[in-house]
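Novice: Heads up: the protein sequence lines correspond to chains A and B, in order.
Here this note's numbering is used: the first residue of the first sequence is 1, the next is one more, and so on.
Here this note's numbering is used: the first residue of the second sequence is 1, the next is one more, and so on.
No lab work stands behind these hints, which were simulated from the structure alone.
Computed from a predicted structure; not experimentally measured.
Among the clues, some could well be false.
Put simply, identical chains are the same to the list, so a pair is met inside one copy or across any two.
Simulated pairs of lysine to any residue, SDA-like, Cα-Cα distance not exceeding 25 Å [as the list claims (entries may be wrong)]: (1) K358 - R148; (2) K425 - R532; (3) K298 - R332; (4) K472 - N489; (5) K373 - D267; (6) K278 - K415; (7) K263 - S293; (8) K296 - F272; (9) K413 - V356; (10) K425 - K569; (11) K361 - S346; (12) K361 - K473; (13) K296 - K373.
2 protein chains.
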Amino acid sequence: MAALRASKLNTSFKLWHVFEIKERDAAGRICRLETPHGTITTPTVLPVINPSSMPISPEEIRKMGAQAVITNSYIIYKNENFRKIAMENGVHKLINFSGPIMTDSGSFQIYMYGADISPLEIVEFQRDIGSDIGTILDLFSLNATKHRAIDEVSETIKRARASVSLKKKMMLACTVQGGTYPDLREKCAREMGKLNADVHPIGGVVPLMEQQRYRELAEIIIASKKGLPPSRPVHLFGAGHPMVFPMAVALGCDMFDSAAYIKYASDGRMIFPDGTAKLDEMEELPCSCRVCSSYKVKELREMEEKERTAKLAYHNLYQMFAEMRRIREAIRGGWLWELVERRAASHPALMDAMEVLKKEKKWLERWEPISKKRAFMYTGRYSMHRPTIYRLHKRLLERFSFRYPDSVILKEKGKPYSRYYKNLKGRKANFVVDSSIGFIPIELEEMYPIAQSVFPIKIDEEGKRIVRTFNKKFEGKIPGIVGMGEIKNEKGDFDLQKIMAVADMQFGKGAGKALFDGDIKIIKSRKTGKIRNVYCDGKHVVSMRATDGFFTLKAAGAKLLHELFKAPKLRVVVEDDAVPFIGEGKNVFAKFVIECDDELRPYDEALIVDSKDELIAVGQCRMNREEMLSFESGMAAKTRESIT
Amino acid sequence: MAALRASKLNTSFKLWHVFEIKERDAAGRICRLETPHGTITTPTVLPVINPSSMPISPEEIRKMGAQAVITNSYIIYKNENFRKIAMENGVHKLINFSGPIMTDSGSFQIYMYGADISPLEIVEFQRDIGSDIGTILDLFSLNATKHRAIDEVSETIKRARASVSLKKKMMLACTVQGGTYPDLREKCAREMGKLNADVHPIGGVVPLMEQQRYRELAEIIIASKKGLPPSRPVHLFGAGHPMVFPMAVALGCDMFDSAAYIKYASDGRMIFPDGTAKLDEMEELPCSCRVCSSYKVKELREMEEKERTAKLAYHNLYQMFAEMRRIREAIRGGWLWELVERRAASHPALMDAMEVLKKEKKWLERWEPISKKRAFMYTGRYSMHRPTIYRLHKRLLERFSFRYPDSVILKEKGKPYSRYYKNLKGRKANFVVDSSIGFIPIELEEMYPIAQSVFPIKIDEEGKRIVRTFNKKFEGKIPGIVGMGEIKNEKGDFDLQKIMAVADMQFGKGAGKALFDGDIKIIKSRKTGKIRNVYCDGKHVVSMRATDGFFTLKAAGAKLLHELFKAPKLRVVVEDDAVPFIGEGKNVFAKFVIECDDELRPYDEALIVDSKDELIAVGQCRMNREEMLSFESGMAAKTRESIT
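Just need the whole structure built from these sequences, with the hints factored in.
Specialist: This is the structure:
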């Protein structure tokens, strides 16, 4: 197992800061990031502070919701007075902000006007003025040929490598570059990921965002994320318009920074989550923030320019922070895809980006939780492309087995299906419901997202096509489709059929047979009539969750699956040192994980084993394999029961 | 023409209040409604005030954005103390509100608990306590059989008829009922429209909204609107969740009332334009209103219930008022359909309602302005169903004529089309661009929405089908489709081709020939190179608007079209009394219009004629025919030039 452990990325150096996942949805996550000046909850946006002009003070911005700010070290360096104060008293005193400060290196300014400081000097300068997170001086490839972009990426990596040795206690942001070439971005990201870096900005994307080239932006984010270790915070450099926040977060971006709040304000423009509006073109303010509920358009227009700019900047900040809170709420509630899809309707260029996401289902599925707190809400033509549907169809094709020789296709009348087909319950035939999400065997009715989904009467044609394609494949597996009149009036055991089917879908083909091979006793809720606990030969093997219809695996069940499935299936392998702790019921922390089944997904049930594949506990994953092997902190799996 | 004039609906009685359209989009409008206690700008929402419990005072609600409030006269009547105060000092004193007060008659309470006041007494009571807008005591048909609903509608109409004679100076709201039977709603609306009523609530829809039966709600609104005169304000009774506001406004609802702000608040629920969230299920507040930017979730939860309810009620009101301002801004900016479509993504039940709208294109097209301030933004699968696209396809099929025997189909490379096909400009062949909205002859490139539209790279399948269906029909009209190599290298006159085509599309087939039959001189903008003014035989016949590519018709052009087209085409016929004023350049007010071309749409150019079809002026419509014949106030057409 030594080889496996070496595959962990961060073992060659100790990161002194902590970055850990607290909640997750889509490929997005809520994380805790510790910095020398305090902890940040990501995703978050860092307002850009220009030390020469602070119409709203950083501390005031903090009160409005900023957890950290970003300022430009090159501007400080170039101004003798600023430099002196920063060197003597630190950057926190210079801009009078006590929270975490990230500094930019001035790559853009130097790109535009030429350098008068070396790439390593500016890193040292950032460190010396006490920046919490400094940034390397990268080269950014704007409209570069691929050849040139390759050279610039090499140089940027070289600088990053040299810079990490200088950082000391400063956290260092090593920027991913590579122009609009996804392969180059991924390669650059992979190299950067090998370094002792703390944050990875995705750089050189401001021109794309200004031109609303969101399709390319999405490609770049995905390529960068594929190359980077998932344990690194990813910062989308210069992304300050909330229009891109939901999608970028869903793809795994953690940090944003924005000068837009003030730039737009000084141009008389107001930011909204779905676009921008000019004060001069409005008659009323379609917003309820403190500014918009205190002033009328006319009053703002008639203000002195400086005052108006400040007011609009307040509004813009309120909007940005509110959208970030909304995104975090969406992650917690499991409706981030809904938010992304709704926001896509704000601009056709965002729809172009959605086309990129459609092609990345396989990658997106790896990060997608297996169930959510809230129902799957259809929003339109992107909904059927969600990883949840992709996974459902895949598992149905790969894992589901039919029980009887005859099958009947039923109409979808309501949920759960069997309530609308009471007389069929348990008759000896396969009942398959022709639902909005495709053919669904009736016994899976309670599994997320089957029961937990809401569709309009008519779904879009593209969604229908996805369903048709799946149905065609699945229909080939349905045995003997007959009319209702042709099936025998014999009673089968619907409950047994249900638990067998759920087990196979959740754990893999054959799981049902292994778990329920004996004298089965099913305990149901008196209130709802739903299956609660399943005993086999007197042993409690699984419980069924009322909320999502999935099983919680019990120790007895875990043993059976451990016997049935060969490693690495369903396994999370932990270091031998951690075994005693987990045996006592402690949770599995990522740093102790040395291997993991590549098929496990967040919130999947898992078998916790030691390096000799001895079963030591059963638990529920909080991460997928890449994450378990990459993260140094945070919970990899929640231990449910240790095996005694 | 006497018969025509009698067709005007309101001539048998004089309405003392004013209700007039100021701005419009879709079938929605911004209107000014005068009441005894002040003017209201619709669409607007009236918060419900319960005199027994006012956690937020009406005057405070007014400061937050309420233009008027609604209270329940039956509750006042039933409480001896309230009744006494209201009878002695008026309802305004009772609830201490100086703005317009609408009163409800307690239909719901009486439906639930039985009546102890007669239908006419409650109207008199409302009048006597000084309500600005009183409401008849209607019967509302909840889940009634059609037979019963018919009876209840008859009784409601009978009561309305009796009530109008009692109203005196009070405005009276005569409620449209008819259950979920659209034909009955339309019939009831037609009868109510004949009465001397001032406002028409659409009643009995609260249960539908509570159950999110938005499809039926849309059917009911449309049926009611079809039956009512367009000059009457329409109030959607009990619609207090902003989720339904954009669609209801787009269908022509002007007023809303809401107890939801307080009901939801006391239940710990927070209203958002796209749904509702429970305080108990949130960790952060995804909003930037005064409440949400002042408190954290935890603080709100820990408040005393009464205080928390008030805070949440504030939040709910802020959201409602902000959404109303957003809707009004959308009407002003011409992006109401975009807002409706985006909001539809909030809930599948709203999508079900969109299916109803798809079937009502023909009706919706009648109210749709011919061009807008902003570009047509595609939002998803409903966009291609918009009346603008329906009209464009219809006019292309009915009005467009090809000039040359050979035609070439071009790819859409960018806008305006000819900029990307410079070498083709004016070559003697028909160039047809295969665009996102269908086959478009290149010479129409500047007309709204052709140049003024934004699409994603890939549109939805349903939209594609609409385009395919149109293309199939239009292709049949395209003469001799050949390859690029097969066309002659002869130069035609692209500018002439353009003005001919635009004239036909805008005014009707043959207009181009009539307007430009002579020595043509085209003046272009020096800056943009766009066509500005067109002279024929030295006379200025039309100007082309840079913003939307439509013509402004000049006096000389109007004369030519007046000769070409027989009445009623393009005509707005005014009373003889009004002729001298219009001759002086005064605008055409609705009350003077006695007939109008049924094909004219808002912002269409029109020929203003007298009853003998003498041309007296040229102008731009602000209304369609139904509106011109129904409204007693407001501008029917803006006079551009009088004919001398």
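Novice: All hints are to be evaluated individually against the structure, with a verdict given for each.
Specialist: Quick rundown of the hints versus the structure:
1. K358 - R148: neither (30 Å within a copy, 52 Å between copies)
2. K425 - R532: Cα proximity of K425 and R532: one copy only (18 Å, versus 74 Å across).
3. K298 - R332: between (40 Å within a copy, 16 Å between copies)
4. K472 - N489: Classified as neither; 28 Å inside a copy, 52 Å across copies.
5. K373 - D267: between (42 Å within a copy, 21 Å between copies)
6. K278 - K415: Between copies only: 24 Å across, 47 Å inside.
7. K263 - S293: both (22 Å within a copy, 23 Å between copies)
8. K296 - F272: both (17 Å within a copy, 22 Å between copies)
9. K413 - V356: between (35 Å within a copy, 21 Å between copies)
10. K425 - K569: neither (33 Å within a copy, 66 Å between copies)
11. K361 - S346: both (23 Å within a copy, 23 Å between copies)
12. K361 - K473: within (18 Å within a copy, 38 Å between copies)
13. K296 - K373: For K296 and K373, only the inter-copy Cα distance (22 Å) is at most 25 Å; the intra-copy one is 40 Å.
Of the hints listed earlier, those the structure fails to meet are numbers 1, 4 and 10, in rising order.
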